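Asks: The residues making up each chain are set out below.
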Amino acid sequence: MKQKTESLLVLGFIGTLFLNSLFLFMLPHQRFSELENRYLQNDPHLTWDNLLFKKYAEEAESFVTDHFPFRDKWVWVKSTAEQYSLQQENNGIYKGKEGYLFEKFLEPIYKKIQQYTESVTQFASNHPKVSMTFMLAPTSVGLYPERLPWLAPSYPQKKVNRFVDNQMKKGLEFIDGFDILSPRASEPIYYRTDHHWTTCGAYLTYIAFAEQKGWQSLSQKDFLIQTVSNSFLGSYHTRSQFNGLSPDTIQVYTPRDSIPTKIYIADTNRTMTSMYDTSFLAKKDQYSYFLGGVHALMKSLRPNRLNKINY
Amino acid sequence: MEKWWGLKLLLYLPRWLRHLYALIIILIGWVLFVFDQPSLIIRYLSAMMGFNHQSLWNSDTVYFVYTNAVLLFVLIIASLPNKQWSRNSELSLFHLVWYGFLFFLSVTYLVDATFNPFLYFRF
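From first to last, the protein sequence lines are chains A and B.
Residues 1 to 311 (this note's numbering) are what the first sequence spells out, left to right.
Residues 1 to 123 (this note's numbering) are what the second sequence spells out, left to right.
It is worth saying that the hints were derived from the structure and are not from the lab.
None of the values given here were measured: they were computed from a predicted structure.
Just to be clear, a hint being listed does not mean it is correct.
[Claimed, not checked] In silico DMTMM-like pairs for lysine to aspartate or glutamate, Cα to Cα no more than 20 angstroms straight-line: (1) K73/A to D112/B; (2) K73/A to D285/A; (3) K104/A to D112/B; (4) K104/A to D60/B; (5) K97/A to D60/B.
This is chain A alone, in the form it adopts within the complex (with noise of 0.2 angstroms):
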């Protein structure tokens, strides 16, 4: 019997190995992660350069890493491991109350704020001509700290947003998102599972923005919202792969008189006939409906309709 068990283990073992290696070759290999949202490694070159400055070595070990089979479902597996047990966390995301995921966010180094915030003023110093307004709004951590795990560590964004208003003082005028979003925490201003806020959210700001500007704005009956998604689970919960939560809905808000709009993308040369690209709501990446995601340089292009613009 102790001979049986004892083959089975050096068995089990190596053929676990074996196997694994196996689907790594056998398996088609992903040239892009929807998951992950980036390029996955091509099949590393070995050429004496290569070689010598560690470069194969490391294209190959990330080849394997990247093409691990069944990486999601192992990912999956860590994350639920994870929930069994009383951890609060996973990869950086905290797991809230009335399912709420939250990014960590902790003391940041005032020093490279201070930097950041100078690069700001400055580029507003360098175009005179132009008026600009800089508007820092939080993260969904802090707008709601009593939905974080108990005795999560989280450092006060609003004390990064004083900071930063305090910088700024000298150069450009400065709305701190928290005096927009405070007052109206209890509305659904931000994706629960997801870092950008709803288009609720965008909405609201939009309404303080123009009012702190003296603009005219449209209010919510001068829009056509509708929802294009119910199914919506975004970055956060990607990056903490948790399970049993309600995915988030996508409302679009279109003005009821609405202006026909071309948005030209200059990375990938094409033109799109609105500001939402449908073809996104298919794939696992919902939220690039808006704009179609992130482009190095988009114009926006809109017919002449000056006798109609009230501001």
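Dock chain B against the given chain A, drawing on the hints supplied.
Replies: The following block gives chain B in isolation, referenced to the frame of chain A:
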């Protein structure tokens, strides 16, 4: 180092002092193992000794303890010497399943360490 003069000294010391000595050496040893730059080692050790003005016990400590409580519990049990659980006895099916489970779990943690999703698509 221990071989030269420490061993005789250790034999005279009471048991708990020997344990304490071992623990301290292990704690410092792990730091040396992880970092390859002396400046980082010194910074980490000074933080461990309390030179970073952090209190020993605050809400952060409680958070770390309770979120890792299950892991700590398992580690404590696993570190206890127990003749019955050691491999002196026959290798049973239970052992196989347990080893398989541990191996499986280790691989998931390793794969997760390489998990690197990008918030914004890199063009």
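Asks: Need the status of pair K97/A, D60/B: alpha-carbon distance at most 20 angstroms?
Replies: holds, 19 angstroms
Asks: Keeping to a limit of 20 angstroms between CA atoms, is the pair of K73/A and D285/A held or broken?
Replies: holds, 19 angstroms
Asks: Starting from K104/A, check that the Cα of D60/B is at most 20 angstroms away, please.
Replies: holds, 13 angstroms
Asks: What's the verdict on K104/A and D112/B, does the C-alpha distance respect the 20 angstroms limit or exceed it?
Replies: holds, 18 angstroms
Asks: Given the hinted pair K73/A and D112/B, is their Cα-Cα distance within 20 angstroms?
Replies: Distance ~10 angstroms between K73/A and D112/B Cα, so the pair holds.
In this structure, none of the earlier numbered hints is contradicted; all agree with it.
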